[in-house]
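Engineer: Take a look at the letters that make up each chain.
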Amino acid sequence: MPDQEKDRAATLAASATDPTAAPVSGSQAKAPAATEEENAQHFFGEPLVGFDPSEITGSLIVIEGMDGSGRSTQIALLQEWLESEGFAVQTSGLRRSNLVGQDIDQLLAKNAVTRLTLSLMYATDFFDQVEHRVLPALRAGTVVLADRFIFTLIARGVVRGINRDYISGLYAMALRPHLTFWLNVRPETAFGREFKKAQAISYWEAGRDMSLSHDLYWSFIRYQTMIKREFEVMAKRHGFIELDGEASVSTVNKQLRQRIGEQLGIRSTKYSPSAALAHLWR
Amino acid sequence: MTQTFVPTGSMETQESTQKAPRSEAAKSTLPQPGRPVPSRAYPGALIVVEGTDGSGKSTQLYLLKRWLEIGGYRLHFTEWNSSPLVKSATRRGKQRRLLTPTTFSLLHAADFADRCERQIMPLLQGDYLVLADRYVYTAFARDAARGCPPRWLRNLYRFAPIPDITFYFRAPLDVAVNRILSGRPKLKYYEAGMDLGLTYDRAESFRLFQARILEEYDKMVDSDNFVVLDGTLPVNKLQKQMRDIVASKIDLKRFAPRQTDSE
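Chains as they are written, first to last, in my numbering: chain P, 876 to 1157; chain U, 105 to 367.
One or more hints might be untrue.
Said to hold, decoys possible - Which chain U residues stay away from chain P? Per the calculated CB distances, all over 10 Å, these: (1) Lys169; (2) Leu203; (3) Thr206; (4) Leu210; (5) Asp237; (6) Arg255; (7) Arg262; (8) Pro276; (9) Ile284.
Unchecked claim - With a cut-off of at most 20 Å between alpha-carbon atoms, the simulated EDC-like pairs for lysine to aspartate or glutamate come out as follows: (10) U/Lys169 to U/Asp237; (11) P/Lys985 to U/Glu221; (12) U/Lys191 to P/Asp980; (13) U/Lys292 to U/Asp305.
Note that these hints are calculated values from the structure, not bench results. Note that the structure is predicted; figures quoted are calculated from it, not measured. Backbone N, C-alpha and C define an ideal beta-carbon position, used for all residues, glycine too.
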């Protein structure tokens, strides 16, 4: 783990992906080198207030991908597998914070909110979970499985016309994941899967606030294609591990287990789901 | 007259502020998120008061507002931390003490963004005088006092229009702190900066926290073109100074009642 992580941190730092670093290289140079290096390893830009990176003993594993890419299914299976291997697991995801999770639900339902306010509420939700759920878990040596991360939030903001540097800058204090998987699927496939779940497509999944099309299907496809393009850009920049989300659940899961197994030092990555989760295995 | 948020640090941003073609910016009702809005990109005018708690700023802005209201000027008054959309979250966060420096800052930014996108910017576009009791500088001072990285804070509020006048009411620490302590039975947890863990004594914590904030405000005087006023002066004298400055810097006739023109 440490080697790969360092390599990635180094390339990330070199390519100046973090939005706030570039313009202020002068002030950065003044800071002690060791701290900057350590921070770059753990954060995208700025250190989080009152947090010591050396306390981290767990692993942060992120699963990204559009609606219908199979993220939640994979996370449920991975959690069972990791627990059977004796690892403590914590999960996180969007809109799950105690602080503003419900408030965002309400804002989305009312549809009275503007894009910038919504972005900032999501950022609040994100950091509340980082500080109250993810960090305590990582300090305790837990494996954190994150169902989406800053990348979805950045992509959503950027396709709505929010300046990329601005929105990436919001997340400068986000923790850098140990592994980031991207379940890449075609929007058409995602549409089918999402529709099957609820027999409908939601307002926000279809990006209807963006007035792309009155036709729900085309609105969904156009919106998710825009999001996907943002992901393609970020995948290179942030070293995502791209997996084919069109493959079967078991195939994708095997690839995930292998990579996570390497990260955590699990030698044998054999697994088949318990009866409770067997219905996911198709 | 065009001002920029200096310490954001990005040369690109500063250039784009100065070069931004007026007409293009004026077409859009909303600020381009992430880009500072040049102060002449809209016909309205923005007047802001800043200062520590107890510096007298709210009293003075109220009197300025009354003066303008009585004169029949088109104006809108907006207060820090007052967006109804974000209110319940802030209240919950404070009551349950869930807020950290980062989430405290983000939640206030969300509140400001909501007011900015739905009130401040549309009204500035619509040729109104907008009066703001506290503005982004409150966040810069208070959140920096809580330890948030200044660079991050400057980026967070990059979408904010730059005020035409920023009054900074400066009162010595003891004067301001005593005004608050004498008038209030109990200081609230976050108000007193108890989350910083400086001391268990609430009044003492408040004093230490306010001292830090005052220091942060003072740092911005030049970089952000504050008009510094002495918060210890008698109320009416201070108000006279404020009105004189407003009248000299802002073409108030433009905000006068429209019917006067037709007569």
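Engineer: For each hint, tell me whether it holds in the structure or not.
Structural biologist: Outcome of the hint check:
1. For U/Lys169, the shortest C-beta to C-beta distance to chain P comes to about 26 Å, beyond the 10 Å cut-off, and the non-interface label holds.
2. Listed as a non-interface residue, U/Leu203 fails to keep its Cβ farther than 10 Å from every Cβ of chain P; the least gap is roughly 7 Å.
3. Some Cβ of chain P comes within 10 Å of the Cβ of U/Thr206; the nearest lies about 5 Å off, and the non-interface call is violated.
4. At roughly 4 Å from the closest C-beta of chain P, the C-beta of U/Leu210 falls inside 10 Å, breaking its exclusion from the interface.
5. At roughly 20 Å, the least C-beta separation between U/Asp237 and chain P is larger than 10 Å, which holds for a residue marked as non-interface.
6. At roughly 5 Å from the closest C-beta of chain P, the C-beta of U/Arg255 falls inside 10 Å, breaking its exclusion from the interface.
7. A Cβ of chain P approaches the Cβ of U/Arg262 within 10 Å, the least distance being about 6 Å, so the stated non-interface status is violated.
8. For U/Pro276, the condition that its CB be more than 10 Å from all CB atoms of chain P holds, with the nearest at approximately 29 Å.
9. Remark: the non-interface label on U/Ile284 is consistent with the geometry, its nearest Cβ contact in chain P lying 25 Å away (cut-off 10 Å).
10. Restraint check for U/Lys169 and U/Asp237: satisfied, since their Cα atoms lie roughly 11 Å apart, inside the 20 Å limit.
11. Pair hint P/Lys985 plus U/Glu221 holds up; C-alpha atoms about 17 Å apart against a cutoff of 20 Å.
12. With a CA separation close to 15 Å, the supplied pair U/Lys191 and P/Asp980 stays within the 20 Å bound.
13. Of the supplied pair hints, the one linking U/Lys292 and U/Asp305 holds, its CA atoms being roughly 12 Å apart against a limit of 20 Å.
When the structure is compared with the earlier hints, violations turn up for hints 2, 3, 4, 6 and 7 and for no others.
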